[in-house]
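Q: Read off the chains here:
2 protein chains.
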Amino acid sequence: MIKVTVIGAGNVAYHISKTLNDADGVILNQIYSRNLLSYHFDDITSEKIQSLEDFKESDVYIISVSDNAVAEISSRLPLQNKLVVHTAGSVPLDATDAKNRRGVFYPLQTFSKDKLVDFSAIPICLEAEFQEDLEILLHLASILTKSVNIINSEQRKAIHLAACFANNFTNHLFYIAQAIAEEKNVPFELLQPLIRETVDKLNFLTPFEAQTGPAKRNDMNTLNNHMALLQKDVYKNLYKWLSQSIIETYEREKL
Amino acid sequence: MIKVTVIGAGNVAYHISKTLNDADGVILNQIYSRNLLSYHFDDITSEKIQSLEDFKESDVYIISVSDNAVAEISSRLPLQNKLVVHTAGSVPLDATDAKNRRGVFYPLQTFSKDKLVDFSAIPICLEAEFQEDLEILLHLASILTKSVNIINSEQRKAIHLAACFANNFTNHLFYIAQAIAEEKNVPFELLQPLIRETVDKLNFLTPFEAQTGPAKRNDMNTLNNHMALLQKDVYKNLYKWLSQSIIETYEREKL
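Chain order of the listed sequences is R and X. Here our numbering is used: the first residue of the first sequence is 687, the next is one more, and so on. Here our numbering is used: the first residue of the second sequence is 687, the next is one more, and so on.
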């Protein structure tokens, strides 16, 4: 049995805690948070602590706090020479205080507390200072998911940036699409089959092959009509740069 | 039995022809194209013609050509007072030549010839000059799909623009994400669970609720690190404007 302590109270901390709590072969020893945990944590049976003095011995300590708080919380932990990992995609391994054995345990997924996820399909990206610790993390990760990946800090930075485009920015485009449709009393549901197909296509085609639309055809007439329809400057800029990027992508191809 | 002629050879023409050809209650009378049809059309048993002189009598003529060719082809058709519809999201009803009864039959989906689609889940947006023609289109559309929608030209313009954001631009963000990941030898597959979850979330949360990431948190440190990682100016501009748009969206909320 591998004993784990989770440090944090956010979306990632919640989903990791819930999954660890429910998994076989692992004990979620404690959850530490300075602040009160949200009601979502209520169905997690593990001990919840609010004081650093109440820390117990675990095999792995997972820091799952906002990126810019990792360094500070890691230095305040009452631990020495323990395996302490963080879950932040954009934070290097050595941001964690060197008084402990450092590692990274980065689940590549978007988490919201109100949306359950199937953790077994989530890629976990691992990094560790020491080979023995990497073995421990490989074991822990393999309990939680089928997709365990050893990824160095430079690769992880790239993944985190790519994930921004693939998830954060994509979701924001859905937000804009909804705003445009609903302004004309068109329900967002009408766009959902299109959105599902956009992703389903990736099972058969690369994004390069799957591209359609006026920018790909360099159809300036439609592009100008669309620009004229957009009211907000920031949406106009987005439309312009996204179209420009598509046009450049397929111009390169023609050369 | 409703008899239909399809005019065009592109992605939409192919998928509409294939679906009409396979459907009960409808006869795909002819497919007209000036140019030779691609091999994809080989499994469609309907008559294929290349000359306007070979046109036969149908109940509905569906023009499915590129947006800027709709007007011209509609004026060249050897037809008078027939029901002639086009499939273009961004083209108004009256772009079609007035010598025929005009309408729109716009399937709201992204089509690539090499990717089969389930037509029965695709919203079809209908518009017609005359009520009797609208009835014919409602009947025809209901043979093909469960989602039949009467949508005026102004709404359709908005839908087409929204679809650009929801599909064209989203797919391009996947392209960029893939490029960023593969540059560091990270396979695109690693991002696919994240992409699927991005869309799956929409079954439970609005895009506004589903948003996560550094821009939403206004985490300038991560935003600056990401900007520094991006090499191409067009990607930097995209990153900047997408982040800006997210920040503005959640700032408004705070006020």
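Just so you know, the hints here were simulated from the structure itself, not pulled from any lab data. Here the structure is a predicted model, which means the values were calculated and not measured. One or more hints might be untrue.
[What the hints assert, rightly or not] Below, in silico cross-link-like pairs of lysine to any residue (SDA-like), each with a Cα-Cα straight-line distance of 20 Å or less: (1) R/K902 x X/K870; (2) R/K843 x X/S839; (3) X/K926 x R/E937; (4) X/K785 x X/S833; (5) X/K918 x R/N923; (6) X/K870 x R/P778.
Q: Determine for every hint whether it applies to the structure shown.
A: Hints, one by one, checked against the model:
1. R/K902 x X/K870: 27 Å, violated
2. R/K843 x X/S839: 45 Å, violated
3. X/K926 x R/E937: Violated, at roughly 23 Å.
4. X/K785 x X/S833: Distance of about 30 Å is beyond 20 Å: violated.
5. X/K918 x R/N923: 17 Å, holds
6. X/K870 x R/P778: 16 Å, holds
The structure fails to meet hints 1, 2, 3 and 4 from the earlier list, while all remaining hints are met.
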